[in-house]
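Chemist: Here are the chains, one letter per residue:
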Amino acid sequence: MTPIIETHNLTVSYNRRPVLWDVDFSLPEGRLIGIIGPNGSGKTTLLKSIMGLVQPDSGYVKLFGQSLDEVRTRISYVPQRESVDWDFPVSVREVVEMGRYRRANLLRRLSSADRDIAADALHKVGLQDFAKRQISQLSGGQQQRVFIARALAQQADLYLMDEPFAGVDAASEQAILQLLTEMKAASKTVLIVHHDLQTVRQFFDWIVLLNTHLVASGPVESAFTEDHLRQAYGGQLTILSKVADLVKERHFPVREKPYKDRP
Amino acid sequence: MSSFFSFSDPNVQMVTLGVMLLGAGAAIVGCFTFVRKRALVGDAIAHAVLPGICLSFMITGQKHPLWLLAGAVVTGWLSLLFMDYITHRTKLKADAAIGAVLSLFFGLGILLLTAIQHSGSAQQAGLDKFLFGKAASLTQQDVIVFGLTTLLVLLVVFTFFKSFKLLAFDRDFAHAIGLPVRLLEFVLSTITVLSVATGIQAVGVVLMAALLITPAAAARFWTDSMQRMTGLAAGFGIVAGFFGAFVSYTAPSMPTGPWIVLLLSAIAVISVLLAPRRGILARWLLQAENSRKMLAENILKSFFSLSAKKEAISEADILEARPFSVTGLGRGLRRLQRRGLVQQSAPRTWQLTETGQIESRRVVRLHRLWELYLSHKLGLPADHVHNSAEAMEHLLTPEVEQHLLEELEYPVLDPHDSAIPYDIKTDAP
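Listed in order, the protein sequences are those of chains A and B.
Take the first sequence: its letter number 34 is residue 34 in this note's numbering, and every next letter is one higher.
Add 1000 to the 1-based position in the second sequence for this note's numbering, that's all there is to it.
Worth flagging that the hints you see were computed from the coordinates, not collected in a lab.
Hints may be right or wrong, so weigh each one.
Claimed, not checked - According to the in silico footprint, chain B covers these stretches of chain A (three or more CB under 8 Å from chain B):
1. 84-92
2. 103-116
3. 199-211
The structure displayed is predicted, hence computed values, not measured ones.
We treat Cβ as the ideally placed atom computed from N, Cα and C, and that holds for glycine.
Required output: the full structure, derived from the provided sequences and hints.
Modeler: Quick look at the structure:
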């Protein structure tokens, strides 16, 4: 079976400092996958480079065995809640309807079918009564659910979520977990950046353990081990980190020939 | 002045219409500048079009609006690129980049303008109008070019509204779903530069940022919808444009820009003061309403405890039981009387009506329920809960009361062992 996500020798810099070194893994379809690692280990960067939001210095990502542009409509992205201004003058409904925006309907109004899908997504996260509210009038957990509703409205097969459980109240956490279970049942794949080690076993069935380099990728039972955790959280690899600093300091390219060793 | 309002002069009509269009265009584009938090960038662009206008005049030797516009757009865009480069490629932050680019381009503009003014060219007269704006100096040709440009800008905003909104709200998401983010940003920047380059006819480069940002900032106070905000800002822009034309014609010695800015600022101040919910007045009224409610309910509570002994209660009794101000008590009692909750039985002596009794029980019930909730569910000691309940009893809605009753299972006594007063209708089922 083709892996749903495959990264090959992915090296990515942030502010010129490499935060992902030669990351190489394949993920199977239909799992709830947690990306775990200490702060600054490159979790968000990994998600962003899968979504094409940051350019890798080298390596590539394949999704459904194809390039991102060929399968974009099958992928849905949930950014970190803090990445937007919640005082922005839009209503909850408008945000969820953004999930129906496409390159193709850029200039048109949304069809009523699109609006129905959005309304349905809002219902699924239990916020149908909040549709008309301005988004700042929601709690943090509700805001996160709005973002997830927007992703659901995309009707994708692969969901990439950046810290959906961060700063979320218990009710919202339950609601999100319930949705994840349903998504798994519908054989969707969900990739989640997660920081709380306590809940890893409860939430996920596959993990990707990162600390700038890939520590482990596999089913929770075999990959989420004390040994791997010690590798990921037991401090950075001193030499790797020193080299990364050098790259930044000297403005040095990570590869001799710029970008892309395509297959 | 009368000649302005009669609009008998076709030139006046034309210019007024044109300037109103400029005002609307700048305000609409400015809404996106505003929500993208790029107000200062708008200011820098406005200052950076000046050298473009001067250069264009120096090269072509004439003041044809198309060439002036082209020059303005070129340096306006250049300033954007400079700011972008400085922010992304150096250690300088955006504010420093904006400050540096603004003063560099404006300084250059003033330098060129002075050189042109001393060149002795007969054609140059009027270029300095770009500093503070002067609608009345627009020629028919100007109005046509700038008017059409503004129409183009409006058309673009209208067409791409949805995408611009998403771009401004969540750029990463727009990128992720495959919108051509860079192209959209380019278009948005271009129409910003264009509307700045045309808007300076009305207010001048120095105060252009006000025409761009102030209508949006004022409109934001009235609505939570980007669409309505844009429409409202356009309206403010039109008013400002009209006013600008008016000032230009009726007070030729006056600089137009400052007048427009004063008007727009007045609109903004009015918005800050009067806007529903968000405005200062609305908040103030709400607070006044809150304190009226607190006073009334506190008086009712005093009645509740005093009524246990006798029905008719004198104002002196109430004042003894609770330290109201004498005038406040009088006001509160009169208001309760109007609401039919108390009635006067003798001079300075009152008693609760039947509805007044129900209402006073409700207030006391809420107070005691809240005390009970705090002590049971939050584990607060009984002597700590009174003060919190003093404030919350005025806030709790019937829905919250119902929740409290259910969660506390219709309790009989409060933490101080006083009975919780029920009415028949809220009694345990």
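Chemist: Look at each hint and say if it fits the structure.
Modeler: Hint-by-hint comparison with the structure:
1. 84-92: Satisfied; 6 residues make the cut.
2. 103-116: holds (count 4)
3. 199-211: violated (count 0)
Consistency with the previously given hints fails for number 3 only.
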